[in-house]
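Student: In order, the protein sequence lines correspond to chains A, B, C and D.
Here this note's numbering is used: the first residue of the first sequence is 2, the next is one more, and so on.
Here this note's numbering is used: the first residue of the second sequence is 2, the next is one more, and so on.
Here this note's numbering is used: the first residue of the third sequence is 2, the next is one more, and so on.
Here this note's numbering is used: the first residue of the fourth sequence is 2, the next is one more, and so on.
No lab work stands behind these hints: they were computed from the structure.
Some hints could be false.
Said to hold, decoys possible - Listed next, the stretches of chain A that the computed footprint assigns to chain D, with coverage defined by at least 3 CB atoms under 8 Å from CB atoms of chain D: (1) 195-201; (2) 308-316.
Claimed, not checked - Facing chain D, a subset of chain C residues (Cβ under 8 Å, in silico): (3) 12; (4) 13; (5) 17; (6) 21; (7) 105; (8) 116; (9) 266.
By construction, the Cβ of each residue, glycine as well, lies at the ideal position given by its N, Cα and C atoms.
4 protein chains.
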Amino acid sequence: METMQATVFHGVNDIRVESVPKPHAGPGEAVIKITATTICGTDLHIVRGEYPVKPGLIIGHEPVGVIEELGAGVTGYQIGDRVLVGAITPCGQCRACLSGQHSQCGHGFGCEAIGGWRFGNTINGAQAEYLLVPSAQANLAKIPDAVTDEQVVLLADIASTGFGGAESGGIKIGDAVVVFAQGPIGLCATVGAKLMGATLIIAVDGDERRLAMARKMGADVALNFNECNVVEEVLKLTGGGVDVAIEALGTQPTFESCLRCLRPGGTLSSLGVYSGKLQIPYEAFAAGLGDHRIVTTLCPGGKERMRRLINVVQSGRFDPTMLLTHRFSLADIKQGYEVFGQRAEGVLKVLITP
Amino acid sequence: METMQATVFHGVNDIRVESVPKPHAGPGEAVIKITATTICGTDLHIVRGEYPVKPGLIIGHEPVGVIEELGAGVTGYQIGDRVLVGAITPCGQCRACLSGQHSQCGHGFGCEAIGGWRFGNTINGAQAEYLLVPSAQANLAKIPDAVTDEQVVLLADIASTGFGGAESGGIKIGDAVVVFAQGPIGLCATVGAKLMGATLIIAVDGDERRLAMARKMGADVALNFNECNVVEEVLKLTGGGVDVAIEALGTQPTFESCLRCLRPGGTLSSLGVYSGKLQIPYEAFAAGLGDHRIVTTLCPGGKERMRRLINVVQSGRFDPTMLLTHRFSLADIKQGYEVFGQRAEGVLKVLITP
Amino acid sequence: METMQATVFHGVNDIRVESVPKPHAGPGEAVIKITATTICGTDLHIVRGEYPVKPGLIIGHEPVGVIEELGAGVTGYQIGDRVLVGAITPCGQCRACLSGQHSQCGHGFGCEAIGGWRFGNTINGAQAEYLLVPSAQANLAKIPDAVTDEQVVLLADIASTGFGGAESGGIKIGDAVVVFAQGPIGLCATVGAKLMGATLIIAVDGDERRLAMARKMGADVALNFNECNVVEEVLKLTGGGVDVAIEALGTQPTFESCLRCLRPGGTLSSLGVYSGKLQIPYEAFAAGLGDHRIVTTLCPGGKERMRRLINVVQSGRFDPTMLLTHRFSLADIKQGYEVFGQRAEGVLKVLITP
Amino acid sequence: METMQATVFHGVNDIRVESVPKPHAGPGEAVIKITATTICGTDLHIVRGEYPVKPGLIIGHEPVGVIEELGAGVTGYQIGDRVLVGAITPCGQCRACLSGQHSQCGHGFGCEAIGGWRFGNTINGAQAEYLLVPSAQANLAKIPDAVTDEQVVLLADIASTGFGGAESGGIKIGDAVVVFAQGPIGLCATVGAKLMGATLIIAVDGDERRLAMARKMGADVALNFNECNVVEEVLKLTGGGVDVAIEALGTQPTFESCLRCLRPGGTLSSLGVYSGKLQIPYEAFAAGLGDHRIVTTLCPGGKERMRRLINVVQSGRFDPTMLLTHRFSLADIKQGYEVFGQRAEGVLKVLITP
């Protein structure tokens, strides 16, 4: 039996790079040889035991690679094609997908959300030499020759999610937007707000390096919450509130500050992953009478989404490689987890190459 | 000085029908002679001191009447025209109005929401013989001869709000919808869901008379929360959650139940007026990853909105007089407040005629 | 080799019911035993040589049946399940489908439109004993026991298309809508307008029987174009134009009349199949400055669309069997074509049962 | 009686700068002292007799100035405030405005479109020393100190219209867009497409100077229709058609080419002013089955629109002064008309200062 190296979750704070069977493609599936991947904040939650997955699972969900095998029924591709696969792999054929809610893909349609997130969650993931891709017809996005692997690896999740926050917010030309937290997702939300025509983008964080990056990425104003009352400042800058507030962290204070920054009729676009109960303060919510909207977005996936994001990069509108601050081989991925987990050395994203 | 009879708020639990000066129309304004009005749940909040207004204010915000005076610059109307005026009176000319958010009307654009609600809140209201209408050009909706005052009086607020909850929810043909609470607003939300093409409308309340009315109004299923586990029942009926859940009460349990009834990607459309902190449970919100939307709606006003609602009635799609369970003269309005406040005698809405 | 009876196109005005090989399901496919189907106006175009298909093709695209075979990879179904399949069979996995434009399905994404229409067009169709269904996972909609085959057979195309015209028009509560032509599609557009909350629905045709049916289906006003100037009448009834005009025939006069009936900012929703050049008159188009929208809609397909339409029927909102005026066996389908083609005997739709 | 200098239309090809009475502000109105204005293509149509206005009318509709008089009821402004007024002056209070279709403003709601365009059309215009502004409360947009008159004068019409073409097209991140004609409106449509996140913007014109400007303004590709088959080239560049095609000229060939460049499901956003009958070719329209949309846009006006456009300039996203190629005093405006009318000297827009 052929084997490969992969990052396997064995238990809380116990991941190991080890030899596992190499996957093979069944009908409708594909196997890709991974050429670039990265570590996500969600992977940290998994390793720390904050998000439960089964021991024995290969983790990681941001895959770039080369097609190694194509299962029966997958057409229009060649072995050797370079492809990007989104973190979310919609089947395109279930009730959720046919309703246009591909991230909530599930062959049934129960109340369980996030059905479309499979890699490194319910099936083996991308921090490995090879990856089995389900619903391959819907999920393999070819990478043009003019674009490198490094340029697209961050599109699989963080750019798709960050831009998604701007899109779900319904940003329009001339909008004022605040983005709370300028980690990788928040930075991409800042970029997304710029791409959609916001003309006052206020980036909020407590880390000056991240605020400096936010300015480079298109923020008009960067506010350090250690140095000012952010809500007051935003209300002053906007003459009474932003059109759209994007939450990119997943905490009560950032969620609540977003609400407090909204103008009447404004939209809170939430990207964070929350734990425990969120509270909506009475007055920040105008007692329910402010015509406010709160929208949440799970990373959009599928090959058409990836194709569009590749276009964004290829056209020069956005250079995601600015966020790739560190590089490790798959063999050394545990070091990558350490640097990324400790937010050491100004780390934003870590590139992993098998 | 001419006087008129009006319902004046003097303090908590102290309203009096008394003689006050009759208003006159300045530029852009109109005075109407009230022929029909009603009492709203919000009026109860005011009388009970739960929503603060200034002593001396005439309350009430659901006016039907006859034009008595037209101020300079108001064109296209005649003295004597029968008109309906919405509870919310947008100016049409401020930043909020020009952005299409007429309910949040305000000549500035600060964070204070609900700027468009003036009658019986920031200016004198409709429980009187005469009413001064601001921004009259934008707010006087003529009533066709074929339609009676009683048929339209409930359009000013409850039908506009209830339908608004269905509209903000974005209901589509074939949707499954649950409406929590079948008071006047909730019943109108039920009607709105029917009008927009929902094909499974589940009405929830604890009062069998209200549930019976909900069935008459178009609900396919009526659930009494005293007799079943509503969330479980809704999930079973829908095979995993509704497309849209409408909250028409303003409490933590109904808000939370709405969230728990949603399918992934579903919308919670909130109409309630909340007090205190609302909580969003982690699991009901899919930790923020369910592509859920929460939207709130303040009663849409303005003459075009009223014109459309009058069409709904005139076309026979909806008969609001079914909700007018009691009738009082203006002189006896305090009795009306008692019956309505105690939810006595199966009361839904109370008609007041000066 | 097993055979079956099927309606085969041999050339212009030459269709024959004859014996052909019975199909078998490959991976991702299914075979259904047809229990009910019908004849569409498009089939007439094919038979008359107005729409080209290859000789030897089995025609028909409105299938109801029982699952006979399931190909590899199709899950969640059992042999014997009763299913409805839409006229359009999106794959769910191509660029068009993943963009939410399932009717334009095509594994590439060229300029050729209507890629999602396959049955009786590019692959064998439904006027046969058995039908091979491509992309079965996305296209088999189970029929609840409480609903009969006759109740759902018209959902595959005409109801989906007609409702689609109302949906693409963006009809809102209180809208005034005119529907030009009250054939089966136009009648379904009338129903769709009613379902979405239009409160003045004006049905136009030259056949009194169809106008009578339109009134039964929800039209508020029925205009016979032989007896009045329809555009003038519509402008008078609406006080200056409809919000949405639906074209359900495919001719220059109806298209142009739709435009002339629009209010500024109104929407022309076109369902017709046109031949030759359409003209947009300068003045009817406000020289391009009227904020008009013209939208076209190809029948939406896929199992989720069918599920929703079945709900419309099951909830009692719409009874499509009222449109089934004639019944023929598959052996006698040529008689059905004659009656339907000549619009004889007040025919609306013809039911075919193998 | 006070007089002022103004550009008066006396008949075909007969405009004169002459002395006329200075206007005064009635209730709800304002008078502004013009500090900058410009000449629009529509003014050329008027002068040439192609668009009829009454002799004696002052023409021009792109006003920047200083408040000189405020009529009764106009609040929140001071004499001396610098303001921009849109070419379209919605009242905010009629049926069209309250429906959100401010460009179609009209106190009635008849079929006559473009009701919101008054300046230099139905009332005196901006090519004068003073201008009477109707519905002033809705139409005076204050100009921040940091922004000059020259920076905002092109926002009144061409930027609002051009951006409007992009907005009506519903451009999304990653879209491919073609813009036919790179005159001032087309160039602004190109900018609008960029602002909304299009990542392949193809500008088409026959004038190399305009194509060069298009590239500066954000076009990714510029095609000279004298040198290539534009439709073929666009289909090749996009792999089968653009998402949105913007028509910014108003001719049959550009309109038709737009249609031919669309992918199935794509949108033609039309900004041109057409004369005579437009034709929609059968095959370019997929016989009505391509899920195409054709949308038209009249310049959006009102002070909130202007405020947003000023933000676009102030934020540095767009520098409209690049389009101001020539400058004339009001006294010399006829020279301006000549240069602009003959498209001499690479003219794009002409600044007029009284």
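Student: Now look at each hint and say whether the structure bears it out.
Tutor: Here is what the structure says about each hint:
With a cut-off of 8 Å between beta carbons, the stretch 195-201 of chain A has 5 residues touching chain D; three or more are needed, and the interface restraint holds. With 7 residues having a Cβ less than 8 Å from any Cβ of chain D, the stretch 308-316 of chain A passes the three-residue criterion, so the hint holds. A cut of 8 Å between beta carbons decides the hint on residue 12 of chain C: the least distance to chain D is about 22 Å, and the hint is violated. Against a cut-off of 8 Å between C-beta atoms, the interface hint on residue 13 of chain C is violated, since the closest Cβ of chain D lies about 19 Å away.
Hint status for residue 17 of chain C relative to chain D: violated, with the closest Cβ pair at about 27 Å, above 8 Å. Below 8 Å, beta-carbon pairs count as interface contacts, and residue 21 of chain C has none with chain D, the closest being about 28 Å; its hint is therefore violated. Here the hint on residue 105 of chain C is kept, as its CB sits about 4 Å from the closest CB of chain D, short of 8 Å. Of the supplied interface hints, the one on residue 116 of chain C holds, with its beta-carbon coming within about 7 Å of a beta-carbon of chain D, less than 8 Å.
Given hint, residue 266 of chain C at the interface with chain D, holds; its Cβ is 4 Å from that chain's nearest Cβ, closer than 8 Å.
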